[in-house]
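K.L.:
Chain residues, written in single-letter form:
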Amino acid sequence: MPENKIDLAADVATMSPTTNEIVTAAIAREIRDGDLAFVGVGTNGRAFTLAVGIPLTAVRLAQMLHAPSASVYWGNLLEPDLSSMPADLKQDSFTRWQAAACPSDTGVKCDMLARRAFDVCFDSAAQIDRFGNLNITAIGDYRNPKVRLVGCLAQPEHFAFVPRPIVVVDLDRRVFVEAVDFITSVGHLRGGRSREEAGLSSGGPQLVVTDKAIFDFEPGSRQMRLRSLHPGVTAEEVFDLMSFRPVLPEQLPATPLPSMQELDLIRRVIDPNRVLLRV
Amino acid sequence: MPENKIDLAADVATMSPTTNEIVTAAIAREIRDGDLAFVGVGTNGRAFTLAVGIPLTAVRLAQMLHAPSASVYWGNLLEPDLSSMPADLKQDSFTRWQAAACPSDTGVKCDMLARRAFDVCFDSAAQIDRFGNLNITAIGDYRNPKVRLVGCLAQPEHFAFVPRPIVVVDLDRRVFVEAVDFITSVGHLRGGRSREEAGLSSGGPQLVVTDKAIFDFEPGSRQMRLRSLHPGVTAEEVFDLMSFRPVLPEQLPATPLPSMQELDLIRRVIDPNRVLLRV
Amino acid sequence: MKEKLTTLEEALAPIASGSTLALGGSLLRRQPNAAIRSLIRRGVKDLTVQSWAATTATDMLAAAGAISRFEGIYTGMFSYGLAPNFRRGVEGGAIAVRDFSETAMVARFRAATQGLAFLPIKTLLGSDIARHNPEQIRPFSCPFTGEPLQAVAAAKADFTIIHGYVGDKYGNVQWPIVRDSDDIDQMIASAATRLIVTVEKIVPHEEIKRRPTLTYIPGNWVEAIVELPYGAHPAACDGHYDEDDAHLTGYLERSRTPEGAQTYLDEYARSVPDHDAYVAKVGGLAALEALDVPNREQTHA
Amino acid sequence: MKEKLTTLEEALAPIASGSTLALGGSLLRRQPNAAIRSLIRRGVKDLTVQSWAATTATDMLAAAGAISRFEGIYTGMFSYGLAPNFRRGVEGGAIAVRDFSETAMVARFRAATQGLAFLPIKTLLGSDIARHNPEQIRPFSCPFTGEPLQAVAAAKADFTIIHGYVGDKYGNVQWPIVRDSDDIDQMIASAATRLIVTVEKIVPHEEIKRRPTLTYIPGNWVEAIVELPYGAHPAACDGHYDEDDAHLTGYLERSRTPEGAQTYLDEYARSVPDHDAYVAKVGGLAALEALDVPNREQTHA
Chain A
5 MPENKIDLAA DVATMSPTTN EIVTAAIARE IRDGDLAFVG VGTNGRAFTL
55 AVGIPLTAVR LAQMLHAPSA SVYWGNLLEP DLSSMPADLK QDSFTRWQAA
105 ACPSDTGVKC DMLARRAFDV CFDSAAQIDR FGNLNITAIG DYRNPKVRLV
155 GCLAQPEHFA FVPRPIVVVD LDRRVFVEAV DFITSVGHLR GGRSREEAGL
205 SSGGPQLVVT DKAIFDFEPG SRQMRLRSLH PGVTAEEVFD LMSFRPVLPE
255 QLPATPLPSM QELDLIRRVI DPNRVLLRV
Chain B
5 MPENKIDLAA DVATMSPTTN EIVTAAIARE IRDGDLAFVG VGTNGRAFTL
55 AVGIPLTAVR LAQMLHAPSA SVYWGNLLEP DLSSMPADLK QDSFTRWQAA
105 ACPSDTGVKC DMLARRAFDV CFDSAAQIDR FGNLNITAIG DYRNPKVRLV
155 GCLAQPEHFA FVPRPIVVVD LDRRVFVEAV DFITSVGHLR GGRSREEAGL
205 SSGGPQLVVT DKAIFDFEPG SRQMRLRSLH PGVTAEEVFD LMSFRPVLPE
255 QLPATPLPSM QELDLIRRVI DPNRVLLRV
Chain C
166 MKEKLTTLEE ALAPIASGST LALGGSLLRR QPNAAIRSLI RRGVKDLTVQ
216 SWAATTATDM LAAAGAISRF EGIYTGMFSY GLAPNFRRGV EGGAIAVRDF
266 SETAMVARFR AATQGLAFLP IKTLLGSDIA RHNPEQIRPF SCPFTGEPLQ
316 AVAAAKADFT IIHGYVGDKY GNVQWPIVRD SDDIDQMIAS AATRLIVTVE
366 KIVPHEEIKR RPTLTYIPGN WVEAIVELPY GAHPAACDGH YDEDDAHLTG
416 YLERSRTPEG AQTYLDEYAR SVPDHDAYVA KVGGLAALEA LDVPNREQTH
466 A
Chain D
166 MKEKLTTLEE ALAPIASGST LALGGSLLRR QPNAAIRSLI RRGVKDLTVQ
216 SWAATTATDM LAAAGAISRF EGIYTGMFSY GLAPNFRRGV EGGAIAVRDF
266 SETAMVARFR AATQGLAFLP IKTLLGSDIA RHNPEQIRPF SCPFTGEPLQ
316 AVAAAKADFT IIHGYVGDKY GNVQWPIVRD SDDIDQMIAS AATRLIVTVE
366 KIVPHEEIKR RPTLTYIPGN WVEAIVELPY GAHPAACDGH YDEDDAHLTG
416 YLERSRTPEG AQTYLDEYAR SVPDHDAYVA KVGGLAALEA LDVPNREQTH
466 A
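Residue numbers (the working numbering), protein chains in the order written: chain A, 5 to 283; chain B, 5 to 283; chain C, 166 to 466; chain D, 166 to 466.
Hints listed in this document are in silico derivations from the structure and should not be mistaken for laboratory results.
As the structure is a prediction and not an experimental result, all values here were calculated from the model.
Beta carbons are placed, not taken as given, at the ideal position from N, Cα and C, and that holds for glycine.
It is possible that some hints are incorrect.
[Stated by the list, open to error] DSSO-like, lysine-lysine: derived pairs with alpha carbons at most 27 Å apart:
no., chain 1, residue 1, chain 2, residue 2
1, B, K94, C, K366
2, C, K446, C, K167
3, C, K446, C, K321
4, B, K94, C, K446
5, A, K150, D, K210
6, C, K366, C, K334
7, C, K210, B, K150
[Unchecked claim] Covered stretches of chain B (chain D as the covering partner; in silico rule of three or more C-beta atoms under 8 Å from a C-beta of chain D):
no., stretch
8, 102 to 110
9, 115 to 124
10, 139 to 149
11, 215 to 223
[Unchecked claim] Here are the computed distance ranges between Cβ atoms for each label pair:
no., chain 1, residue 1, chain 2, residue 2, range
12, C, S233, A, D174, 58 to 64 Å
13, C, G257, D, S306, 54 to 60 Å
14, A, S206, B, S225, 55 to 61 Å
15, D, G208, B, R36, 35 to 41 Å
16, A, S87, D, E175, 48 to 54 Å
17, B, G224, D, G208, 49 to 55 Å
18, A, S87, D, A261, 35 to 41 Å
19, D, G448, C, S306, 57 to 63 Å
20, D, E424, B, D85, 36 to 42 Å
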């Protein structure tokens, strides 16, 4: 399993890719030209990398390679200039960050979600289950929680309205659970057509990208399915890190490695100071 | 019946009041301190005087005398500075007019109407009936009209949501009709409690101010009732100018004349160039 | 970001007869008149028009016999009186009207913006506006209080045309700081299916992104943007130029008769190949600059 | 216009225990922290708090044991992690939570703004958010299409507290041109029953009325306005100053235990008589000015 730390003093192009870089390049290939992607706010450390660092790097990489008109809505900024990302997360860095638009009212963003103006969104979570339902609200009994989490934000909207949600989480038995304690975001609900029967649009989460493997959802049953294993990771390792057994595809390829060009852009152009993919 | 024309060369304080001035002073006395009044847009000539000129002059007069914190929403301007009214109605006069606020979105004004943030509104109309229902939409059959008028604007909102609507129209048999051809604004509907039974708040039009007389509405029946006659006007003259007979009160006073102070303020301070009360 | 700068004719090409058009502007400001003249030139007909306080754009389309249905809050000529051609069209039976009050029309645009089929109001209880339009205004009960409400149907247009102040080649449109209200332009932009914006001036993207809070129409919502100086003439563009009183007066005089209105359209819409030719016809930029108002605080200051 | 300029204590005097409070700001910007410290000082309790992305203001109220119910989209400390006191309050059963997603909370504020008891959404179909809150989220059918929808109840607060940029003595509050989004401040201002605004600076009305399009909270909506420089400290006021990292870090360290949180509140809220004393306590204006960001284009430029 590759480490995320790279030695910046070494020739960046010859270092083997970190897990974050593998994941970022894999996500970048999912971004199509013209996509508008919703990137949420992250907290610090690893949670920031998952919620913000990897998504922003991936969209910027896609912009530079095959999707020049892809863009993001981040915080209150519509199409911020990803060629000059802020060096820190202090308020004034957001205030100063140049963008195509900063709508005065957060309702503008909510309405864009509800009218399906987004193509892609990125989501992180404390729990995800077999059908891709997410929990970011509470662990344990909702009314008497063991751990109170942050709430909901717009994550219910993401799964309700965005055609191609991508979940970015680390593989962990406490995260990949048989059934989430609280359904914040409705994924494929109880599988099959239960999502549509609840009145939601078809869609729901498309990909779950982790530090060990990438998953999609089996058509029909809508159960989480292993799609590829990162280099050096075995299926048994993956199963050990999950509380439920994912569907196995007929073929189980390795997650493609980033190209030299992709690595070079990530390391030297997009995130030269290792702010976005630090941990 | 006094004329609206005054000789500006003569000593303004000694000239007898015009009908417009009588009406303006009468309306000003209806404005209470702290009132927010909705003033619509008018067209030109007499229609402008009725819809805009008289209401703005009246509110400004009230501001200067007994209601210093009364204010208006006119066009897109919330609390425009009535001490410096624009000299013409060209776009740039509105753009330049100073105000407390110019909300970017007309929805802000609509929401204020719907949540009953206004106290008073001024309405003009092509037809008004016995129960104070207004028509500004079409004369004749709605689907095949004899005269197509302007539409609706926010006049339905005025009667639905503003506690104290004041109608300003000239007395005329074709205007004061037994039943309006099209109910744009629901007044007291068919009288009695029919308005409330339709689901509307209690309220509805409170006063109808004309060039000959002032009307209110009889409690209970909610029929239009003569409240006062302008100096020199007889009840018979009024009846001749209406297609229905209004309720007669026990006492029928004359509309009070403006005081010397009121006349002086209207003539020398508020409307010295006779823009607002020209015709 | 995608480049969306094009010509007026290219931008309007997808608009075919039978379309539903939402038109921006209100009263005598920012009417998308140049775009409307182009549609008249091309002979587009049978339009359903959705609008706020409609004046010149709607009345010219009515004169061209291009409107079969109108949905809005007002059609007139503001301080110039009633809208003569629209009035003739309605009185003669050529134009079917569905009237809406302001909260009702706002609710319709907002519903489209929010991806909903309707929004609730309680404005039109008892009104003939609702009685004549059961198709778009339906009674229902509040799920919480049971009180009577009305559902108004979302205003969905095939195309939306707005005349704005300044924009960049990516379709980001900004307003000046000293201006009148946008009325419904941002609202119908957000509700749009296919949005075409004409602007007074194209400015570099660098200027736009310096002050992103001034962007009222993000390029992400826009299909095509066109630079059309004086594109609202003979109406005004607040902060840029005033309405052209002489031209409007001439328009209204000729519009006293259907024949007079046709000579107006022949002269100013049908016989001119494009907006540049129109500008030349009305006296050239020099004549139009006489309508300019003092530049205060523009976006491109 | 009515003069509404007063002191913080006068402005907040009507807020009694048991009230419902809507709080402005989002994440670490424009939290009405000075007002919250004043309420804590006075010992106001049993509050229902409605908020957008809640951080310092809500967590301090939670530390004071002043919140019995919370309705919002998020409570945390943004890049500093979870909200320790709020979390303790919820996990210990002192605070009942009703969670809402962003479109749901926006619909609730908009419903109050529009004088309606509810607005429709279709976000929470199948979600446990709706399942646990039948009182405020009810299923119903679209009057046009019959599709399943959810009615969310209007967010009605007894009092609304917002920290804004600059305002005049009549309560008109303006934003700077270069700023972050207002998030929900205009929305909750328009929804307010009784609105109290604190601002960084009071400016002459003459400055406000020169550029009325910059007024996001008209004085007409405001009950009281108070001048409170650094009123959002230790959070940021975008365009004015950044968040105070050292102070926030200290707050979070002390908040690891309930006792530590009490010593924080004793020191910074309960033992200081007013905002001036708080400013002195945190090092005076000189210390706070170190947080200032370059003044770009303020309203009062």
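K.L.:
Each hint: holds or not?
P.N.:
Comparing the hints with the structure gives:
no. : hint                          : result
1   : B:K94 <-> C:K366              : holds (22 Å)
2   : C:K446 <-> C:K167             : violated (34 Å)
3   : C:K446 <-> C:K321             : violated (36 Å)
4   : B:K94 <-> C:K446              : holds (24 Å)
5   : A:K150 <-> D:K210             : holds (25 Å)
6   : C:K366 <-> C:K334             : holds (10 Å)
7   : C:K210 <-> B:K150             : holds (25 Å)
8   : 102 to 110                    : holds (count 7)
9   : 115 to 124                    : holds (count 6)
10  : 139 to 149                    : violated (count 0)
11  : 215 to 223                    : violated (count 0)
12  : C:S233 <-> A:D174: 58 to 64 Å : holds (59 Å)
13  : C:G257 <-> D:S306: 54 to 60 Å : violated (41 Å)
14  : A:S206 <-> B:S225: 55 to 61 Å : holds (59 Å)
15  : D:G208 <-> B:R36: 35 to 41 Å  : holds (38 Å)
16  : A:S87 <-> D:E175: 48 to 54 Å  : holds (50 Å)
17  : B:G224 <-> D:G208: 49 to 55 Å : holds (52 Å)
18  : A:S87 <-> D:A261: 35 to 41 Å  : violated (46 Å)
19  : D:G448 <-> C:S306: 57 to 63 Å : holds (59 Å)
20  : D:E424 <-> B:D85: 36 to 42 Å  : violated (56 Å)
Hints 2, 3, 10, 11, 13, 18 and 20 from the earlier list are contradicted by this structure; the remaining hints agree with it.
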